[in-house]
Amino acid sequence: MSKFQSIVNKILGKSETTEEEKSDMSIYDKIGGEDAVNAAVDIFYRKVLMDERINEFFDTVDMESQHAKQKAFLTMAFGGPNNYTGKDMRESHKHMKLNEGHFNAVAENLVATLNELEVPQDVIGDIVAVCVSVKDDVLNVETETA
Amino acid sequence: MTVVHYDRQAVSLNDDESVLEGLIRHGISVNHGCRSGVCQSCMMVADHGDAPDNAQIGLTQNQKALNYFLSCICHPQKALTVSSLDSEALTHSARVEQKRWLNDRVMAIRLSSDITFKAGQYLTLWKDNRLGRSYSIASIEDEGFIELHIKHLSDGKLSPWICNTLAEGDKVNIQGPMGLCFYNANRAQPMLLASMSTGLAPIYGILKDALAQGHSAPIHLFVGSQDSSEFYLVQELLQLQDKHSNLQLTFIAKKSHGELALEVDFYRYLQSEFTDLSNYRVYVCGSASFVGKVTKISFLLGAAMGNISADRFLPFSKP
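Residue numbers (our numbering), protein chains in the order written: chain A, 39 to 184; chain B, 15 to 333.
Please keep in mind that the hints were generated in silico from the structure rather than gathered at the bench. Incorrect hints may have been included.
Claimed, not checked - Taking lysine-lysine pairs in the BS3-like style, the calculated list, with each CA pair at most 27 Å apart, reads:
#	chain 1	residue 1	chain 2	residue 2
1	A	Lys85	B	Lys141
2	A	Lys107	B	Lys310
3	A	Lys135	A	Lys85
4	B	Lys113	B	Lys165
5	B	Lys113	B	Lys222
6	A	Lys135	B	Lys310
7	A	Lys125	A	Lys135
8	A	Lys135	A	Lys107
9	B	Lys310	A	Lys132
10	B	Lys269	B	Lys165
11	A	Lys107	B	Lys165
12	B	Lys185	B	Lys165
13	A	Lys107	A	Lys132
14	B	Lys141	B	Lys171
15	B	Lys165	B	Lys141
Unchecked claim - With the C-beta cut set under 8 Å, the calculated list includes, among others, these residues of chain A facing chain B:
#	residue
16	Glu72
17	Asn76
18	Arg84
19	Leu87
20	Glu90
21	Val99
22	Met101
23	Ser103
24	His105
25	Gly118
26	Asn120
27	Gly124
Said to hold, decoys possible - What follows is a set of in silico ranges between Cβ atoms, one per label pair, in the way DEER data are often shown:
#	chain 1	residue 1	chain 2	residue 2	range
28	B	Ser50	A	Asp97	26 to 34 Å
29	B	Ser292	A	Glu156	17 to 25 Å
30	A	Gly139	B	Asp290	57 to 65 Å
Owing to the predicted nature of the structure, the values given are computational and were not obtained by experimental measurement. Ideal Cβ positions, reconstructed from N, Cα and C, are used throughout, including at glycine.
Chain A with its partners taken away, still in its complex shape (with noise of 0.2 Å):
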């Protein structure tokens, strides 16, 4: 059991989860659910600050819901609900001209992140996975179909 899990389950006063119950579960209920965002969203947002490539996105006076908006986004990626549309997607981040950069430096501190909580590596892989199906949306270009 990851260091993340057993935390998440110490909150939650869980017994492990067993295997079994485990392969019927989506990844955001497989790693806790909100106390998981929760657990996850302040390293987060500290690596982000810190990232000299892509802080000023995310540097404003208003920490609060700027706070707010890093917890939706990774109950996003964790896989939980959300009304998220590629529309929103698009229109809240058009006026910030993001290039591919931007997008991996935000990856990579979300993998950054993950492993710091010990979160299985094909954990990491599904939710990497959800936040490249938005990528197109975040950086405003045409879907390439294949």
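Could you slot chain B onto chain A? The hints should help.
Just chain B now, with coordinates in the frame of chain A:
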């Protein structure tokens, strides 16, 4: 069957129905989004009755203390009276009990009223039906009065009236209290308090509340101002420090005359004083830019965002 009261209507919840679903079924419009307790857009407040703990998941300590809850995941066992957060706070009558200058620009005004409040919250003081301004509460309930600190702005709309015209014995309307910046730390949790200018009002209230409730862990208070001549309540603060060995005061001014204050950069000094704030409860009050900078420093030094409470004083802008 549980009954939920909202704006003089009684809504009987069906089995397994959440407060949000019940209200919507009765044609009451409530903001909502995810319906799973995540987005917090359906947050409401329980005015009577306790919101169940599991309807407060993800809320801050202070939101819980004020009985806020998420209506979409709230399945109460007992009757609840609820209201939405965007509904206006109630207006009450108050009597001006005392006015005194704290320095040559800041006036303390003490009001009596029957409202319940927590030191550090704020209320709006109305001159008439149209003109009002918000001020933070610098007193605790046990003191028996509401104390506000008014900075006299000669081109202001309200402060000259409060300072020069309003008299002891006058009645005024106050609306509130509002705000989530108040003391509720664990008694054994170290605290960092930081204020700039009249940001001291809520911080002074929070400090008195903490001491009155027997806060035993260290309390570091950083009081800032542009010029050391603008400090106020200095004697009162120094007396508190003499009485409470866990309180440590630091006065910082951009321009300092005399021994009281350090003439250093507030932010750099704060940063150099701490290496790890991960256990700390942080309160910061002042202008938006001051609050933003101190919040960032505290957060990067390890303070959890949920442990930082801030009150940003916004300049008045026309609606």
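* To do: Determine which of the earlier numbered hints do not hold for this structure and return their numbers in increasing order.
  => Checked against the structure, the hints that fail are numbers 1, 11, 20, 23, 27 and 30, while the rest are satisfied.
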